[in-house]
Structures are given as C-alpha cells and as structure tokens.
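*Asks:* One line per chain: the protein sequences are R and W, in this order.
Following the working numbering, the numbering of the first sequence begins with 1 at its first residue and continues without gaps.
Following the working numbering, the numbering of the second sequence begins with 1 at its first residue and continues without gaps.
Certain hints may be false.
It does not matter which identical chain is used: a pair holds within one copy or between any two.
[What the hints assert, rightly or not] Distance condition first, Cα-Cα at most 27 Å in a straight line; then the derived DSS-like pairs of lysine-lysine:
hint, residue 1, residue 2
1, Lys180, Lys222
2, Lys38, Lys134
3, Lys105, Lys222
4, Lys115, Lys105
5, Lys180, Lys51
6, Lys195, Lys38
7, Lys127, Lys77
8, Lys92, Lys51
9, Lys92, Lys45
10, Lys130, Lys115
11, Lys51, Lys98
Treat the hints as calculated values from the structure; they're not laboratory data.
Protein chains: 2
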Amino acid sequence: MNLVLSRDSQVRVMEATVANADKYLGQLCSLLAAYTRKTARLRDKADQLVKWLIGFANTESPELRATLRDFAEDLAKIQDYRQAQVERLEAKVVNPLKLYGAQIKQSRAEIKKFKRVRNHEIKQLEKLEKLRQKSPSDRQKISQAESSVQRASGDASRTTQQLQEAVDGFQRQKLRDLQKMFLDFVTVEMVFHAKAVEVYSGAVHTLQSYDVERDLEDFRAKMWAAYGHSDCRPLPGTAPSPSLLWSRASQAQALTRSEREEAVAGEADSAEDSPEEGRG
Amino acid sequence: MNLVLSRDSQVRVMEATVANADKYLGQLCSLLAAYTRKTARLRDKADQLVKWLIGFANTESPELRATLRDFAEDLAKIQDYRQAQVERLEAKVVNPLKLYGAQIKQSRAEIKKFKRVRNHEIKQLEKLEKLRQKSPSDRQKISQAESSVQRASGDASRTTQQLQEAVDGFQRQKLRDLQKMFLDFVTVEMVFHAKAVEVYSGAVHTLQSYDVERDLEDFRAKMWAAYGHSDCRPLPGTAPSPSLLWSRASQAQALTRSEREEAVAGEADSAEDSPEEGRG
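All chains should be built: construct the whole structure from the sequences, respecting the hints.
*Replies:* Here is the structure:
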C-alpha cells in the first residue's frame, strides 16, 4: 500500500503544479490584455490630439500653422508605432497565453487517467486482502488475485511514468514560454520607446525653431488690414470660420460668464466625442 | 462714420482671435488632461503586473523566482518614471492651460470696454447729426455737440489703441505659451521614453540569463522527494499554499470542467480587483 501512497503524493505535486499554472497564467493573460487595451486607449487620445493640432493649425498664422502641422505629423508617427506595439503585444504575448488553456487541459487529462488506473490498482489490492482473510486456503483464487494486482500495479507504474514525463514536459514548456513571452514583451515595449525618443527628438527641433515674432507681424498686418477696410476680413484657412466664431461671441455677450463657459465646454465635448476613423 | 466702422471690423478680428483661443485652448486642455489620465491608467495596470510577478515568483523554483523578482523591480522602476511623467504633464502642460481662462476673461473685458466707449461715440455723432438737421443755425449747440463728438472720438481712439496693445500682448503670450507648452510636453514624454529604454535594456539581460534547466532539476527533485515520502511536501515560499491548491483541485474533481473554470476565473477576478495602494 506504501507504493500507492507515494505515487499519490507525487501526483499531488504534479496536480498543484498544473493548478498553479492554470490560476496564475489565467491572471497574467487578463492583466496583459488589459495593459494592451490601456495602451490602445492612450493611442486613441493621442490621435485626437493630432486631429486637434491640425484643426487648430488651420486657424493660426503661417509659421505656427507649419510648426503645428509638423508636430502633428510626428505625433501621428508615434501613434503608428504605438499601434504596432499594440498589435505585437496581442500577437506575441496575449494570444500565446490564451492558448495555454489547451495545454493545461491536456495535463489534467493525464492526471485523471492516472487516478483511474490507480483506483483500479487499489480495488485489486483490496480484493486480494479480502480473499486472504475470508478464504486463506483457496490458493488458486489468491494466486489469480495476486496476478491481477501485479497487472494493475504494472499499469499504475507505466501510467505514473507517463504522467511524470507529461508534467515534466509541461513544466519545461511553461518555463521556456514564460521566458520567451516576457522577453517578447520587453522587446516590443523597448522598440516602441526607442522609436518614440527618436521621433520626439525631431519634434523638439521643429518646436524650438518656431519664430513667434514673425507670426505676430502677420497678426498685426491682419489687424491693420481690417482697420483699412471696413469689411470684416476672414482669417485664412479657417475651420470653424471666424464669422461663425464672431456670431457665437456676439451671442455670448448676452449670456452670463458661466453660461458661456458651458456653451464652449459643450463645443469642446462634441469635438471630443466625434467619431474617429477606426484603426481596425 | 467710416472711422467707427474701421474700428469695428478691427475689433471683430480681435474678438475672433480671443474666441478662437478660448475654444481651442479649452479643447486642448481637456484633451491633454485625458491623455495624462490614460497614461495614469496604463501605470496602474503595469503596477498590477508588478504585483502579479511578485506573487507568482513566490510559487516558483529559485531561478525563476529570482528572475521574476528582478524583472518586477525593473517594471516597477518604469512605473515610477511614468508617475513622474504624469505629475510633470499635469504641472507643466495641463495646469498652465487651465489658467488660460483668466487671460481670456481679461481680453474679453478689454473688448467690452472698447464697445462701451464706441457706443458713446456713435451716440454723440447721432446727436450732432440730428442737431444739424433740426437746428442747422444753432451754432452754439452744434459747436458743443462737435466738441462732445471730438472728446468721444478721442476716447475711442485711446481705447482702441489700448485694445490693440492688449490683444497684441495676448496673442504674443499665447504663441509663446503654446511653443513652451508643446516643448514641455515633448520633453516630459521624451525623458520617460528614454528612461524606459534604459531600464528595459537591463530587463532583457535579466530574462535572457534565466536558466530553465536548473529550475527543471529543482522541479524533478521535488517530484522525487514526494515519491520518497508519503507525506505531501509543501512547495517552498508559497502563496497560495500548494495544500490549499490541492484541496481546491480535489474539490474541482467533483465539478464539471466549466464550473471549475468559473471557480478559477473567480479567483483571478478577485485577485485583479484587490484594492491597490494609491500613489496619491
């Protein structure tokens, strides 16, 4: 009976190994999926910022317009890298973890098979024990029961060995997969961050070389042009058109400050909520 | 009357400038605040990943345990840099934009003042016109009205000049602030990404030097130790304890696969939902 107990405690270690992997790898999968989703949300916000930059650039003087457009392009490039990061995290980290369920199921099946064989062995042992107590002189039946026990023990030994090999293989695969997966995670992240540094370095030069004074001259010229002509000259390249802004601003005169702030906040909200082209 | 119309159209340009700034800077403020919040959400998820790594490391063999702890430390370090990024974005980008409301209010007050003075000028002009039509011979009254118009025009001229200076100052400040704010944004982002690259490079070495085979030997020794002793040896450094896992696994035998999966998923959920220490 001692051998049966030894096998049992060994299987308990294997079972704990598989259960532990099931629990922790399941948690890891949902954590990394959530991390990837949050990265995608950050990309969405940055995409909105790119749109804002382009919209605002269209209402500004030439120097700032050009600067903001260049900056928007850099920021958009970083979001493309972020999109690649999201796709790679899904492909190299989240999806392999999702597939782990199948391997765990396989290991559980091996353990179940072992238990079935072991129960058969115990039954044969009990049968032999009973026979020895009830009819100790029936040599033939005892001998039959003894050979049944031997067969059952042989089966159990084989199954235990198979189980050992299966769990050993499972553990080796798990350790290798974890190493690979975390290395992939770090590599994907690192590539993105390195690209971001590279693109932002260019953006710094763009923003630093912006010349405020030239735009101020343009602005003053616009004011003086308006002074010279009694018609209200529209600002160039405008969305929304200044005449619309003007009419809104006129309306706003009749409103209290807080009412007007609400109206402006509403505009900002609707701009934020506008549907975006999905990235698929 | 032509001068009055010229001033009006000039003020319309100024008003459009201020309204445009109000609208777009309000949108920018809420966009960048949202971008900062999403960054904070990403940091939270990565913090959960750090906790998972430490928890899982405690259930694994010595080599993997040490590797995962080192990796968790690197990942935690990156989240500290991300926390600094969030704080800097708030301090250098979002908060300055929030303060812009006051400057816009000031410019609107200047425009309002100009309109009051201009209305007074128009009234004086109309009075003079009426007088010239009704009593063209009343030289004294006409002369009084003419000097009233002159005073009102003088006031209007002065106020227009003040307004021009105010809006010119507003525009200069706005352009400089935008340049500074976007430069700060890019710098804060760039510093974070550069730090992330640096720390992840170290993590790559940690993960690459992990030796699967040594842990497998440890695992096999554990299995054979269990085989040698009929008691179930606990795995070292355990949370949750393998005996608990074992009792759970035993219970699970009586459950269907999907019921058990639910139970395991429930554990994973409760682990994910566990309250985190806030970062303030």
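*Asks:* Look at each hint and say if it fits the structure.
*Replies:* Hint check:
1. When the C-alpha separation of Lys180 and Lys222 is checked against a cutoff of 27 Å, the pair qualifies only between copies, where the shortest distance is 24 Å, while the shortest distance within a copy is 61 Å.
2. Taking CA atoms no more than 27 Å apart as the test, Lys38 paired with Lys134 passes in neither setting, with 71 Å inside one copy and 76 Å between copies.
3. Proximity of Lys105 to Lys222 under the C-alpha cut-off of 27 Å is restricted to the inter-copy arrangement: shortest distance 23 Å between copies versus 74 Å within a copy.
4. Within a single copy, Lys115 and Lys105 get their C-alpha atoms as close as 15 Å, which meets the 27 Å cut-off; across copies the closest is 79 Å, which misses it.
5. With identical chains, the CA atoms of Lys180 and Lys51 are at most 27 Å apart between copies only, with a shortest distance of 20 Å across copies and 38 Å within one.
6. Taking the closest pair of Cα atoms, Lys195 and Lys38 come within 27 Å of each other both inside a single copy (19 Å) and across two copies (20 Å).
7. In this assembly of identical chains, the alpha carbons of Lys127 and Lys77 never lie at most 27 Å apart, being 76 Å within a copy and 63 Å across copies at closest.
8. Taking identical chains as interchangeable, the C-alpha atoms of Lys92 and Lys51 lie at most 27 Å apart only when they sit on different chains, with a minimum of 22 Å there against 31 Å within one chain.
9. Taking CA atoms no more than 27 Å apart as the test, Lys92 paired with Lys45 passes in both settings, with 24 Å inside one copy and 18 Å between copies.
10. Proximity of Lys130 and Lys115 under a CA criterion of 27 Å is satisfied intra-copy only: 22 Å inside one chain copy versus 112 Å between copies.
11. Proximity of Lys51 to Lys98 under the C-alpha cut-off of 27 Å is restricted to the inter-copy arrangement: shortest distance 20 Å between copies versus 35 Å within a copy.
The structure does not agree with the numbered hints 2 and 7 stated previously, though it agrees with the rest.
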